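Chemist: With the hints as constraints, model all of the structure from the sequences given.
Single-letter residue listing:
Protein chains: 2
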Amino acid sequence: MIEKGLLIVLSGPSGVGKGTVRKEIFSQEDTRFEYSISMTTRLPREGEVDGVDYFFKSREEFESLIEQGKLLEYAEFVGNYYGTPEDYVRQTINNGKDVFLEIEVEGAKQIRDKFPEGLFIFLAPPSLSELQNRITTRGTETEELILNRMTTARKEIEMMDLYDYVVENDKVENATEKIKSIVQAEHCRIERVKQRYQKMLEVD
Amino acid sequence: MIEKGLLIVLSGPSGVGKGTVRKEIFSQEDTRFEYSISMTTRLPREGEVDGVDYFFKSREEFESLIEQGKLLEYAEFVGNYYGTPEDYVRQTINNGKDVFLEIEVEGAKQIRDKFPEGLFIFLAPPSLSELQNRITTRGTETEELILNRMTTARKEIEMMDLYDYVVENDKVENATEKIKSIVQAEHCRIERVKQRYQKMLEVD
Chain A
0 MIEKGLLIVL SGPSGVGKGT VRKEIFSQED TRFEYSISMT TRLPREGEVD
50 GVDYFFKSRE EFESLIEQGK LLEYAEFVGN YYGTPEDYVR QTINNGKDVF
100 LEIEVEGAKQ IRDKFPEGLF IFLAPPSLSE LQNRITTRGT ETEELILNRM
150 TTARKEIEMM DLYDYVVEND KVENATEKIK SIVQAEHCRI ERVKQRYQKM
200 LEVD
Chain B
0 MIEKGLLIVL SGPSGVGKGT VRKEIFSQED TRFEYSISMT TRLPREGEVD
50 GVDYFFKSRE EFESLIEQGK LLEYAEFVGN YYGTPEDYVR QTINNGKDVF
100 LEIEVEGAKQ IRDKFPEGLF IFLAPPSLSE LQNRITTRGT ETEELILNRM
150 TTARKEIEMM DLYDYVVEND KVENATEKIK SIVQAEHCRI ERVKQRYQKM
200 LEVD
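Quick mapping for you: the protein sequence lines, in order, are chains A and B. Following numbering that gives the first Met the number 0, the numbering of the first sequence begins with 0 at its first residue and continues without gaps. Following numbering that gives the first Met the number 0, the numbering of the second sequence begins with 0 at its first residue and continues without gaps.
These are computed hints drawn from the structure, not numbers from a lab. Note that the structure is predicted; figures quoted are calculated from it, not measured. Check each hint, because a few of them may be wrong.
Which copy is meant is left open, because identical chains are indistinguishable; a pair holds if it fits in one copy or across any two.
Taking lysine to aspartate or glutamate pairs in the EDC-like style, the calculated list, with each CA pair at most 20 Å apart, reads [what the hints assert, rightly or not]: (1) 179 - 167; (2) 193 - 167; (3) 198 - 163; (4) 22 - 103; (5) 96 - 190; (6) 3 - 167; (7) 17 - 52; (8) 154 - 190; (9) 193 - 2; (10) 193 - 169.
Modeler: See the structure below:
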């Protein structure tokens with residue numbers, strides 16, 4: 000029997016650096032995570048491959064999957080649906096692979112409801128002023144938008160309780176190392192390995 | 000307020016390599032664990048320093064501490080007591096340092112009763128036959144003694160359920176890395192860091 004993989008959900012307030020951390024994780028050679036492929040109703044761009052970049056679906060297909068409860072989370076954005084297909088995640092995990100998903104706080108909350116056995120990691124800023132710096136230095140936002148974002152960030156940090164772990168993103172390398180440690184540690188938890196050793200006592 | 004340290008208890012069957020793993024951990028420069036100093040009634044050997052190698056106590060003092068419940072665990076061995084003083088462990092942890100303790104399975108069980116919030120890591124052999132190899136190649140044991148040890152090892156592996164994590168000691172470097180990952184992950188658990196972020200929301 001194959002030991003099941005983990006669903007690793009990385010989330011945190013907008014501007015904290017989720018995307019950068021995710022890219023760093025997947026650029027490292029010893030990373031063995033599968034990246035969770037999203038489903039969308041938007042049209043494929045040039046070079047995008049179905050089942051690799053996204054699962055491309057029609058609006059009817061997507062809405063039918065919503066009705067059947069086949070999405071771990073979904074949202075509508077600029078007229079298109081985006082979501083995480085449950086079947087793909089469960090199949091990959093059942094094959095013993097860890098699935099990694101980087102997502103906004105609202106999406107993570109939806110997943111927690113449908114997949115409570117996932118591993119939920121909150122990426123936190125070193126401080127609120129540092130988060131404000133990061134949002135501001137993007138340079139594209141108006142003052143009002145920045146204030147809005149900070150209000151949202153506060154609310155999101157207050158939702159930290161829904162997560163299993165909190166990783167401070169002081170430096171990308173530190174955050175990446177901690178996330179990989181957390182996954183390695185989870186694979187050593189007694190609940191996960193007990194069966195293997197019970198077998199050992201029977202067989203050996 | 001300083002965040003409390005962890006009490007890390009490494010145990011596992013005799014012959015599995017606990018001592019080797021402990022030495023490897025403490026030989027690494029980035030290790031920040033304090034080694035738990037044992038208390039004993041045996042006389043100091045030349046060069047041994049009280050409070051560094053051991054806390055040296057008279058038999059009366061030791062027995063008085065046992066009566067007061069001031070030892071996390073203790074055992075008598077060749078006419079002398081050996082034990083883990085609770086005050087030292089609690090003080091070190093309250094100063095924000097992690098205390099590392101390598102101990103036999105029976106001692107770990109005593110500690111679990113008195114200090115359930117500790118982090119209990121079971122070092123397991125890759126297989127029972129591999130454990131038998133390791134015991135045999137020490138070369139000093141009779142066949143009967145080896146059989147006895149294997150029976151004990153089986154019983155000890157069955158007690159795995161009392162631990163939080165299981166680390167397979169296939170190679171010392173792998174086991175060491177996993178133990179350090181587990182400690183790092185535990186420091187990121189929501190229960191441990193929540194307060195820090197609640198403060199951040201108040202102050203910032």
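Chemist: Each hint should be assessed against the structure and marked as holding or not.
Modeler: These are the hints, each one checked on the structure:
For a Cα distance limit of 20 Å, the shortest separation of residue 179 from residue 167 qualifies both inside one copy, at 14 Å, and across copies, at 18 Å. Within a single copy, residue 193 and residue 167 get their C-alpha atoms only as close as 31 Å, which misses the 20 Å cut-off; across copies the closest is 12 Å, which meets it. Taking identical chains as interchangeable, the C-alpha atoms of residue 198 and residue 163 lie at most 20 Å apart only when they sit on different chains, with a minimum of 19 Å there against 29 Å within one chain. Taking the closest pair of Cα atoms, residue 22 and residue 103 come within 20 Å of each other only inside a single copy of the chain (16 Å); across copies the shortest separation is 43 Å, beyond that limit.
Taking the closest pair of Cα atoms, residue 96 and residue 190 come within 20 Å of each other only inside a single copy of the chain (17 Å); across copies the shortest separation is 28 Å, beyond that limit. Only between protomers do residue 3 and residue 167 lie at most 20 Å apart by alpha-carbon distance; the minimum there is 18 Å, versus 28 Å within a single protomer. Proximity of residue 17 and residue 52 under a CA criterion of 20 Å is satisfied intra-copy only: 19 Å inside one chain copy versus 46 Å between copies. Proximity of residue 154 and residue 190 under a CA criterion of 20 Å is satisfied inter-copy only: 19 Å between copies versus 33 Å inside one chain copy.
Proximity of residue 193 and residue 2 under a CA criterion of 20 Å is satisfied intra-copy only: 11 Å inside one chain copy versus 31 Å between copies. When the C-alpha separation of residue 193 and residue 169 is checked against a cutoff of 20 Å, the pair qualifies only between copies, where the shortest distance is 17 Å, while the shortest distance within a copy is 36 Å.
Against the hints set out earlier in the document, no violation occurs for any number.
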